[in-house]
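Could you build the full structure based on these sequences and the hints that come with them?
These protein sequence lines are chains A and B, in that order. Number 46 in the working numbering belongs to position 45 of the first sequence; there are no gaps in the numbering. Number -2 in the working numbering belongs to position 1 of the second sequence; there are no gaps in the numbering.
Derived from the structure by calculation, the hints contain no laboratory data. Where a beta carbon is used, it is the ideal one built from N, C-alpha and C, also for glycine. Please note that the accuracy of each hint is not assured.
[As the list claims (entries may be wrong)] Cβ-Cβ distance ranges computed for the label pairs, FRET-style:
no.	chain 1	residue 1	chain 2	residue 2	range
1	B	T123	A	I60	27 to 37 Å
2	B	K88	A	T31	50 to 60 Å
3	A	V36	B	D80	51 to 61 Å
4	A	T31	B	L30	17 to 27 Å
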Amino acid sequence: MEYIVKALILYIFILILFRASGKRSLSQITTFDFVLLLIVGETVQQGLLGSDYSLINAILLITTLVGFEVLISFFSKKWNLFDHLTNGVPVIILKNGEPLWDRMEHERIGIEDILESARQSQGLKSLEQIEYAVLEKDGRISVIPK
Amino acid sequence: MNSKNISHVDELYEFEQKEIKVRKFIWILLVLLWVSGSVGLFGKGWLSGTKIEGNGYELEYERFLRDETSTSIIIFLEESSADTIEISFGKKYVKKIRFQEITPKPANIEASENRVIYSFPASENTMIIYHLIPLNAGFLELDISIGGDQRYVKQFVYL
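In C-alpha cells:
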C-alpha cells in the first residue's frame, strides 16, 4: 500500500511543480534542462523505490504511475475543468499583428519566440503577417497567418 | 463556450488569469517547503535535532525522522559509581525501528517482557550511540530508560 501512497504523492507533486513552472518550460528544453530532468528522474526513483529494489516493486510502481496517467487522461476527456486544471489552457499572445504584452510577460514569451515559430511553421517574416499567435497547452506557439 | 474556434481560446483566458494567481501562490508554498526543509522541519537540521538532560545523562535525538533513513540517538553519560549502566527501549519502539549499529558494543543484551535492555560498563563509556532506521512513517514514541530514568519522547517519521 505504501508504494501507492508514495507514487500518488510524487505524481501529484510533479504535476503541480510542472504546471507551476509554466507552459514554456516544457517546450524550451536545453541540454542542461535535459540533464536536470535526468537528475530529477534519478531522485524520484530513489524516493519511490527506497530500499526495495525487487522486480515486483518496480512492476507495481510502474503500473501505479501509468494507471494514474490513464485516469488523469480519462477524467480530462470527461470534464473540461479537470482538463484545464491538469493540462492548462491555450493562450492567445498576439492578435492582428499586435503582441499582447501582459500575457506574453506572464508566460515568459518574447517577440523572438513568436517570430521563430512564424518562420518555422509558416515561413512568415514579420508580425504584421500574423493574425493570431497561440501559446498551446504543451508550450508550442501556433501561428495563424492573415 | 460552444463555438470551437479561435474565439473559444480567448474565452479561456479568464481561466489562465486565475491560474497565474494560483501559480504564484504555489511558488510561495514551494519556497516555504524548501525553507522548512533547509531548517530541518523534515529532519536532518537544527529544528529537528534536540537534547534533553536527565539524572546523570544527556540524550540527543531527532524529532523528525525519514522513513528507511538512518538516524542516531546519542547518550552522554556523566561519571558514575555504578559498574554497569543499563539502557533499555520499550518493545513497541523496537518493533518500529531497526538498530543498525551500537557504539560501543553493549556488554550484554537481554529482552524482558516489555523491554530490550542493553548493558554497558559504566566506567569506560561516556558516549553511547545508537544508529537506527525507522521502518514506518507516522508518529513514533521513543520509550527509553537510562539508568532507570524512563523517558517518553515524541518523534515523527516522514514518508
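Consistency of the hints with the structure:
Here the CB-CB span from B:T123 to A:I60 is close to 50 Å, at odds with the stated 27 to 37 Å. For the pair B:K88 and A:T31, the supplied restraint of 50 to 60 Å holds, since their beta-carbon distance comes to about 55 Å. Against the hinted window of 51 to 61 Å, the Cβ-Cβ separation of A:V36 and B:D80 comes to about 60 Å, which satisfies the hint. Between A:T31 and B:L30 the CB atoms are about 26 Å apart, so this pair conforms to the stated range of 17 to 27 Å.
Checked against the numbered hints above, the structure violates only hint 1.
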